[in-house]
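Starting from the known structure of chain F, arrange chain G on it as the hints suggest.
There are 2 protein chains.
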Amino acid sequence: MNRQDYFSDRARGMKRSVIRELLKLTAKPGIISFAGGLPAPATFPVDYVEAAVGSVIENEHATALQYGPTEGDARLREDLALIMRTDGTKTSPDHILVTTASQQGLDLISKIFLNPGDTCITGSPTYLGGLQAFKSYQGVPVGVELDDHGMIPEKLQETIKRLEGEGRRPRFIYIIPDFQNPAGVTIPESRRKIILEIARKGEYLIVEDTPYRQLRYSGESQPTFQSMAPDMVISLYTFSKIMLPGFRLGWACGPNWLIDKMVMAKQAVDLCTPPFNQAITHAMLVNGALEKGLENTIEHYSNKRTIMLECLEKEFADIPEVKWTKPEGGLFLWLTLPDRMSADDLFQNAIDENVAYVPGSAFFPKNDDFQSMRLNFSYASEEQIAEGVKRLARVVRTNI
Amino acid sequence: MNRQDYFSDRARGMKRSVIRELLKLTAKPGIISFAGGLPAPATFPVDYVEAAVGSVIENEHATALQYGPTEGDARLREDLALIMRTDGTKTSPDHILVTTASQQGLDLISKIFLNPGDTCITGSPTYLGGLQAFKSYQGVPVGVELDDHGMIPEKLQETIKRLEGEGRRPRFIYIIPDFQNPAGVTIPESRRKIILEIARKGEYLIVEDTPYRQLRYSGESQPTFQSMAPDMVISLYTFSKIMLPGFRLGWACGPNWLIDKMVMAKQAVDLCTPPFNQAITHAMLVNGALEKGLENTIEHYSNKRTIMLECLEKEFADIPEVKWTKPEGGLFLWLTLPDRMSADDLFQNAIDENVAYVPGSAFFPKNDDFQSMRLNFSYASEEQIAEGVKRLARVVRTNI
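These protein sequence lines are chains F and G, in that order.
Residue numbers for the first sequence follow this note's numbering, so the first one is 245 and each next one is one higher.
Residue numbers for the second sequence follow this note's numbering, so the first one is 245 and each next one is one higher.
Careful, some of the hints might be misleading.
Said to hold, decoys possible - Cross-link-like lysine to aspartate or glutamate pairs, in silico, EDC-like; alpha carbons within 20 Å at most: (1) Lys259/G - Asp588/G; (2) Lys610/F - Asp391/F; (3) Lys268/G - Asp338/F; (4) Lys268/G - Asp588/G; (5) Lys268/F - Asp253/G; (6) Lys379/F - Asp504/G; (7) Lys268/F - Asp504/G; (8) Lys379/F - Asp253/G; (9) Lys399/F - Glu447/F.
No lab work stands behind these hints, which were simulated from the structure alone.
So here's chain F without its partners, still in its complex pose (with noise of 0.2 Å):
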């Protein structure tokens, strides 16, 4: 028998990411890479990880060594509820399951909604590990496009109707709300309650994936999609990116009925997430490892992006025609080529340069756009930061 033959359909369409075969290429000594979507380890709060980890191994390792229920440790669901409430979303531990991670709350999403064949809606462009889940299913994302506010209202209705006309009924809205990986750009609250309407009067569900909500660095919070419509909504969170991503922890949040059906299906999947991680995350938590951390990483990140901002215009000041977005928070920008140039043809240029990208066909449902890149600001120095947009306008400029 032929190999291909044991593998099930949706496993032939199967490829190894793109961003993670990038990723080796940026392995190069004396490269700098704005590349990877990593955290700054400067920003782990390693001494209330030593002093939670003490505590669970003195006083609860019978059940943190143990297994554990796959709704998620009680203790953690009511911490995340109150998280959660501390920024104007109004929820309770039952509507609330613990994930490993938030891949994995895109992945229970994938496998509860789609069937193959079935369409879901997301940016155009959106973040490469959803589009990976979807199309693990063999689902169909399709793009809808985004402006410096988010995805586009009249866009998303366009998409809908169209899809609906051709008897492609979406199955879900797939949207990351708060800087937009990879874009960087949030949609304003009058924004989410048209994409809310449009959303209602389909009877569609959205799904809300916020990994970087709490990394705002400048401008006003905007209310959840789960605090206006917490009855057609499920959101996705994740500790990756605004605690330390080792533990490999998050959660949804949604409608009980969608919850409920996300349990059974994470029975099958893992039986429940590494209690040991639930116990100290919750240790944590009880000690202020959150707020004081927080405070501590968007510092951090919101030096690094002023920095990367500033370099941006005094490096490119001379070719105008690139454009960028100004995230207020989060840990990417996107930038833009001048017409006719091509991110994925620069890519080579710019590693024999020692400066690294994501170029920004990877995040586009149809890989049909190249004149844009990821450029991420969280993980180089500023040092760092400062000389890699040197090389990379240099880059830009003689290859214009």
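Okay, now just chain G, sitting in the frame of chain F:
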């Protein structure tokens, strides 16, 4: 829109785990439960955890708290290959994928192999979590009868022939060769060879699930399927039963072309298994936690197994129609009631008498066999085992 209309076909078929729902009933005070499958907290190597965590936080927090490679921590993969080599299975780290415990192994297997409606072969009875994983992708598990030496090769051959005749070629053969859950039986080497011959002739892959393999209390270790046919076997392991479950850490081992596909699938599922837990486990293994922990665990469970077998002999002496398996390891034995008695029907009486078990029907692909029950001997104390078996015999006697 009707709520059901939002779900995918596979989600509509999902149910809460029967066992998890049963376990809620067994939470009443005074009950002695043989129903769960939990390891005894007394076996957790807490001192090793404490030492390892300390060293990880001090020496490698920047990587342990960060994202990690999807394949797993390179050092841990070396450790796992060594564990397998020590057990007589030649392999190397590039054949190993670290998983978020072995339930994720089952999820990934199902995802890469099963199209909706596809059959796969399992024991009858078999592990409930396996059935759940296969069904969650609309796979159709087809059971093959076991005897005291595990899956019966003649029945396997018959079933394959029948399914092939119906144009329903099974996608893989799922086997729990050592101290099977739920039956407690082990396949001897000679029978493993026959099963492998059948599989090789039909070009079938074997999924070898062996969570209890290191927990042998008597008899001789039998070679793994992986060691006998590394080109056609994927083996799933977990630390849950041999060290502790709270880290959710396991691994898969198999041919590169299959492990590669599982890596791709895992990228979309959870990006990586918690690097923190992997780093701690690596440090524990370096310190000898597995060998020393296993000595302790084996002694602990071996005593409990002996006590349960002795109590069964004694308490059921007057009901010779009741039979049970004599496991050489693992956590479970399988008790079969006299003809026409149903373990499902008996369950409520048992609860009323303050003793609990899992009715065997939960473990059959077709839920069509009601005469047996699974008894766990790892969790209850020795005194509880004696008292619980006495209660169980009383329930059987009064309902015979």
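*When the hints from earlier in the document are held up against this structure, which numbers fail?*
When the structure is compared with the hints, only number 5 turns out to be violated.
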